[in-house]
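K.L.:
Could you put together the complete structure from these sequences and hints?
The primary structure of each chain is shown beneath.
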Amino acid sequence: METSPEQFESLQKLLKLKRYEHPHPRYFNDFSSQVIARIQAAAAARPWWEKFGIDLRAVATVGAGAAACVAFFVTMGGTPQGITAGGGIGGPSVAAASVAMPQDAFTQPSAQDVAAANSTNPVINAAGVMQLSPWDSRAVRASYQTP
Amino acid sequence: MERPPVKKTEPRRAPPPEEPLVPADAELVNAARDGDMHAYDQLIRRYQERIYATVYHMTSNHEDANDLAQETFIKAYSALKSFKGDSSFYTWVYRIAVNKTINFLKQRKNKVSLSLNDMDFQVENDPDLVAFVSDKTPRRDAALAELQEKLNAAMQKLSEDHRMVVTLHDVQGLSHEEIAGIMGCNVGTVRSRLFYARQQLQAYLSDYLK
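Each protein sequence line maps, in turn, to chains H and Y. Under my numbering, the letters of the first sequence match residues 1 to 147, in that order. Under my numbering, the letters of the second sequence match residues 148 to 357, in that order.
Rather than coming from a laboratory, the hints here were simulated on the basis of the structure. Heads up, a few of these hints could be off.
Label pairs and their in silico Cβ distance ranges [said to hold, decoys possible]:
1. Ala-67(H) to Ile-221(Y): 32 to 40 Å
2. Val-70(H) to Asp-183(Y): 39 to 47 Å
3. Ala-60(H) to Ser-234(Y): 53 to 61 Å
4. Ala-300(Y) to Thr-61(H): 32 to 40 Å
5. Lys-253(Y) to Thr-75(H): 46 to 54 Å
6. Glu-210(Y) to Ala-67(H): 46 to 54 Å
7. Phe-28(H) to Asp-308(Y): 26 to 34 Å
8. Ser-353(Y) to Asp-30(H): 56 to 64 Å
9. Lys-304(Y) to Ala-67(H): 22 to 30 Å
Just so it is clear, the structure is predicted and the values come from calculations on it, not from any experiment. Using N, Cα and C, we set each Cβ at its ideal position, and we do this for glycine too.
P.N.:
Dropping the structure here:
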């Protein structure tokens, strides 16, 4: 593409033409008021929680996290040591950990626990056997493989 | 008895007329952030013509330019809380306009519809421009209108980035550094884009350039 300096100068002059293109003279008189009106209309149409600066997505995220935590602790309720005891591969240290814990707590619920079992506390059934979640079951099995 | 020499007092000067204080952008931004719409109105009025012109020269369409310029200021208002003041408000709002316009043009693709503004009557007194048409036709206004259409059509053939640098530099008179700040690229890129864009325009408009 060949261009000469004269053409370059000529193009610069031609581009000046663009500077003369303007909207009608009163166009900018109410430009800002139109923008402000659109901002205020958008603000009025916002739901109430946004007006108070509440970010619904953040609330939903926190709520979901809290629900997950509650569900986790409800599931794990009564056997917090189960994971610690059976979380690893059955080795000497694990064995030692499981030995250190009162193993009877897994198989032999205390009389107090049995007494407490009822329709609102189904963790311990009438036979006195703990209803463990699959997690807990694995944890218990691992904890019993002591050398 | 000699009288002590009378000291000549300098005639009292009238106090200089008080100039209306023009608040700085930063003050207006802070006020607008706190919900002061009057302050934001002042900011809009300060930059509306430049923002509109940038978008208009990019789109060659008045209606699109009107929508995009308004949306730029609406977007800027909603994002005002995130404006940290690293750059000037002017650069920041320009950047919003540029990004909005480029996104719009990419969606529009090649569907170009020109809706050109009228030219200021003073164009007929500009010797540089009159020289383009004076020897071709006695009707300068018609010839200038034709030239305007050809120029806008040629601009629309450029890529968005090339058109933007020509608009900001050759039409609006911004410096390379300012354009680099607005477009988020380095000065060398601005220069090379400008060089290439001018070459393209010269090729498209060769019949009209002497």
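K.L.:
Each hint needs a verdict: does it hold in this structure or not?
P.N.:
Here is what the structure says about each hint:
no.	hint	in the structure
1	Ala-67(H) to Ile-221(Y): 32 to 40 Å	37 Å, holds
2	Val-70(H) to Asp-183(Y): 39 to 47 Å	44 Å, holds
3	Ala-60(H) to Ser-234(Y): 53 to 61 Å	34 Å, violated
4	Ala-300(Y) to Thr-61(H): 32 to 40 Å	51 Å, violated
5	Lys-253(Y) to Thr-75(H): 46 to 54 Å	50 Å, holds
6	Glu-210(Y) to Ala-67(H): 46 to 54 Å	49 Å, holds
7	Phe-28(H) to Asp-308(Y): 26 to 34 Å	28 Å, holds
8	Ser-353(Y) to Asp-30(H): 56 to 64 Å	42 Å, violated
9	Lys-304(Y) to Ala-67(H): 22 to 30 Å	57 Å, violated
Violated hints for the displayed structure, listed by number in ascending order: 3, 4, 8, 9.
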